[in-house]
Every structure is written in C-alpha cells, then in structure tokens.
Amino acid sequence: MATNPAMDTNLPPVGPVPPVGAGVPAEPESLSYIQSVWRRFRRHRLAMFGGALVLALVLFALAAPWILPYKFDDIDLAHRFSPPSATHWFGTDDLGHDELTRVIYGGRVSLLIGFASAISSAIIGMAIGAVAGYYGGLLDNVLMRFTDIMFAIPTLPLLFVLSRILGGSVLSIIVVLVLMGWMTAARLVRGSILSLKQREFIEASRAVGAGNARIIIRHLLPNALAPVVVASTLMMGSNIILESSLSYLGLGVMPPTPTWGNMLSNAQEAIWRAPWLAIYPGIFILVTVLGFNFLGDGLRDALDPKSKR
Amino acid sequence: MQRYIIHRLIQMVPLLLGVSVIIYFLLSMVPGDPVDLLITANPNVKMEDVARLKHAYGLDQPIYIRYGKWLERTVTGDLGWSRVYKRPAGKMVLQRLPNTVTLMSAALLVSLLIAIPVGIYSAKRQYSFLDYIFTVLAFLGQSMPSFWFGIMLILLFAVKLHWLPPGGMMDIGVANTVFTRLKYLILPTVVLSLINVGRWARYMRSTMLEVINQDYIRTARAKGLTDRAVTYRHAFRNALIPVITLLAIEIPGLFSGATITETVFSWPGIGKLNYDSIMLNDYAVAMASIMIFAILVVFFNLVADIAYALADPRVRYE
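First to last, the protein sequences are chains Y and R.
When we follow the numbering used here, the leftmost residue of the first sequence carries the number 1, and every step to the right adds one.
When we follow the numbering used here, the leftmost residue of the second sequence carries the number 1001, and every step to the right adds one.
Be careful, since some hints might not be right.
[As the list claims (entries may be wrong)] Just some of the chain Y residues that point at chain R, by a computed CB distance under 7 Å:
1) I149
2) A152
3) I153
4) P154
5) L156
6) V161
7) R164
8) I165
9) S245
10) L286
11) V289
12) N293
[What the hints assert, rightly or not] Which residues of chain R face chain Y? A partial, calculated answer using Cβ under 7 Å:
13) L1015
14) W1148
15) S1256
16) F1293
The hints are simulated quantities; they were obtained by calculation from the structure and are not laboratory data.
Model, not experiment: these values are computed from the prediction.
Cβ atoms here follow ideal geometry from the backbone N, Cα and C, with glycine treated the same way.
Using the sequences and the accompanying hints, generate a full structural model.
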C-alpha cells in the first residue's frame, strides 16, 4: 500500500498530487487514491459536519413511522393552529396536523426528490456527455447547441412550464428536475473526456485491444467522475430548494403529501395567525441544504485538490 | 472588436430561434388550450362550435405551422393577445420590464457592494476570524430558499415591526415620493441579493488570493509601494476580470431569482407576469415574457464578453 508522502505533508487544501489514476487503475493504486481522498475529506471539519447532518436527517426520515407518535395525515380539528407545546413540539397546522410529524415526513419526500433527481441527472448526463465527448461529430454538435439554448432560458420559467405539463406528483417533479439537471453532468464529462481521450493510457488500452465501450466505461468515466460527484452533491441541495420553490408556488408536489415547500405555501396563508408554521419547514430546508453544500465543498477539496473555486 | 460584436449579434439569431422553438412546443403541451378552457367555462358549447373555434384560433393546424405563424407575426412586432387581460402581450411585457430592471439593478448593486469588499477582506486576512464568519454566512445564504427568506423578512419587518410594506410597489393613499418608493424596494432587493452575494464574495476571495500570489504583486511590494496601492491598483483590478465573467454567467440565475422574489412580494415585474401567465394558460404572455428573459440573458452574455475585453487588454477578439 504505497502512500505518497507528498499527500501527507501538503494538507490542506492544495498540494502537488499526482494526476488521478494516470494509467490503468491497478488495485493498490486505486485504494491509495480513495484513502488519500478520505484523509483529505476527514480533515475538512465543515464537510464532516455536513455529512453528519445529512446522515442524521436521512436516518430520522427513514425512522419516521416508528419514532413519531402521530401520523402525517392525523387530523385533529379540535386543535387547529395550536402553538408549539409539550404534546405538539412544533404546534399544529390548519387541519390540526402535528407540525413536527409533517416536517419529518416532508423531509422524506424532499430528500427522496433531492437524491433521486441528482443521481439520475448524473447518470443520464454522464452517458450523454461521454458519448458526445468520445465520438464527437454531429452528435456532439447537436448536444452542445442544445445545451447552449437551454442555458439561455432562465431555470424557473422553464421549470414552471415543465411541471405544468407533467403535473404535481413526486415522480413528475423528479422527472422535471432531471430534464433540467442532466446538462451539467453532460458538459462536465464531455469536457474531461475530450482532454482524457488524447492521453497515452487510452492509446495503450486501445493498443491492447480494448473496445470503445470498455475504454469509456473502464478508463474514461472513472477519471471523469470527481467533478460530477461534487456537482451532484451540490445539486441534491439545490434541487431540494427548487422542489420547495415549485411546491411553494403550487407547481410541485400537491397536498396531502407533505413537502417542505407546500407546507410553507400553506403557512404563508396563515402567517398572521400561526407564524411558527412558516418557520420550521424553512429551517429544515436550510439545515439540509447546508449539509449538502458543506459535503460538496469538502468533496471538492478532497477529490480534486487542484481545483479552483 | 466591431466585427466581433457584429459576429456575435448574428450568432444570437439561431440561438434565440432555438429558444423560441423549444418554449413554443413546450407551451403547446401544457394541458388546456384556449378552446378547452372555454368549454370548461361553458358546458353548453356545441361540438361544431368547438371545431369552428379551434379553426378560428388555428388550433386545428399542426404545431409547426402554428409556430411558423407565431414567428411571422412576432417578426413584425405583434406578440399576440393576452387571453386573460385582453391586451397586447408585447405591451404588457414592456410595461413590466422597467420594474424588473429596477429590482435587478438594485440587487446587483447591493450584491456587488457587499461581495467585493468582503471578498477582498477575506483574501487579505485569509483564515482570520472574520474570514471564517464570512464563509459560514456565505454558506448560510446559499443554502436558504429565497422565498422562505422573503417570508421571514415579511414576518419580521411587516407583520411584527410594521416598518416596511409586505409587498407590492405602491399602495393607494401612500404619498408617492422617492422615499416611500424605496421602502417597497428594500425587502425584495435584500432577498434577491441574498441569492448571489455569498457566492460572489467567495469567488472574489479566491480570485483575489490567486492574484496576490503572482510575481508582479511581489514586484510591486518590492518596489516599496504602500499596501493600499498594491491591493487596489494592482491586485484588485486584476482580480476583477474573472468576476466580470462570473457576472455574465450569473445573470440568468438573477432572472430566475427575480421570478421567485417578485412572486413572494407581488412585485409587478416580468417574473411575476411570467408566473401568472403560465399558471393561467395565458400563452401569448408566457411566450413573450420567456422570450424577453432569453433575449436579456443572451444580450448580457455579450455585454459581459465585451466588458471582459475592455477590462483586460490581453483579450482581443478578432
């Protein structure tokens, strides 16, 4: 297990680290790469904190049915708009739903949307970007002109139109966010592959008889992965914000399914009567997205210490 | 330079055509065309009336022909009529444009006035206590949904303290002075600035850090220049160049932000018009408002490239 001494001494955040996997990734090489990434990541206090935050939120969301005394659709009309108390820590809303319960269940939906949309965007974007970058030609041209056009349209108006078309279910919001999100990964991967495919190790693997598919999947994509991982982590956070914005504007997930966005939309109508309803879902969005942003920032430093911000 | 600008202006045409094709086709897929909406409003409509109406609106024709007609009319300056307000869509958009420009300029100004000094300070005192605080604040700002920040500001300054109006641009019975107009502008500006100020400050900090480590800065110091002269005359001006590029990339984001901010504060700009028109199936207005967004985005990208060339004498476009 050869560890590079330069990696140990020049931390953090920038150090002369050898190019990632310059060569066919043999086992010990790739292990030490992951180890060095983990070492850099561990020293990034904010990133560790962000990771812990996200993990805690995911665990809470998963455990929701077992740890919460109420169900998210328990209606209690006798106790509408009750302020935070010992029985209802975050108070109750216009139908007497327990706000804490709904915030945690809303977190399930928001986190699911964040994870699913960012991961799908990354996979689809990587596939398209890899093919375009590797084969070039007409496909690449079409892709680049298309993304040029899409980047000229402001995100939110386009999201409005897409979610009007696809409707307000959890799945359709994920689809809408993926339709918007794949281009980032595609551009990143295309860029990396354009430069990587000129390198000697690709020529070498072609010389030993590797086919195009094998070169892309085994040699090019692993080396183009780091920026996509960072971008996707940040996208999980920004997609949670987008989802909540859409739901807040009545274009996202519809009640009775609670999401942080539609809870806030509901809360604004009752802001004079029950201001606390407007506070908690927002704090949960803030904390979650903060966690993803810290995590993404740490991953950027750990995966790609040479990158500039 | 002139040739470059002309070249770029010509390039805008296919780009904007592409935008219009995509938006037109997407809008045609939104459920409920004008005739469908008439039918739901009036259940006594006969089938032959529906067919006649669809024909009158041109909705029985294939989508590409409809798009062609739209394009033909648009080129002559006719953007169609608002289905909801029965007014020319182009006029409605142009009327709202100044409100959005006011809000965006204010937000841009506030963001830069905060981001640039904070970025310079953080770079000069890297890893200091304040640098750390600014970093955390920048992360907080970026992680907050702007509409929620808006609601919190309304809760505090309008509901609790009664210092500022909760929304709108003007109310009946309020004296129309510059001062009262500013009061309506404050909260939306703060919310719209929040979206970018943290990221811009971080960016200013990192470009500044990069420049400070250059040889010519060391030379300037070695010459015996004051710290002030080195920072502002040599380092800052060079660090500003990448920031100008960033501004161009961020303008589209600012338009998206304006959509949310205007909706939260009922600010009568293009963003709110755009949201309302998409919600109300007001196709002509939706089309016009998205197109004007796209035109502004493309235009600002060009402006930024030109500004970039003016700021950096090494850049010469041919």
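Checklist entry - Which of the numbered hints are not met once you compare them with the structure shown? => result Violated: none.
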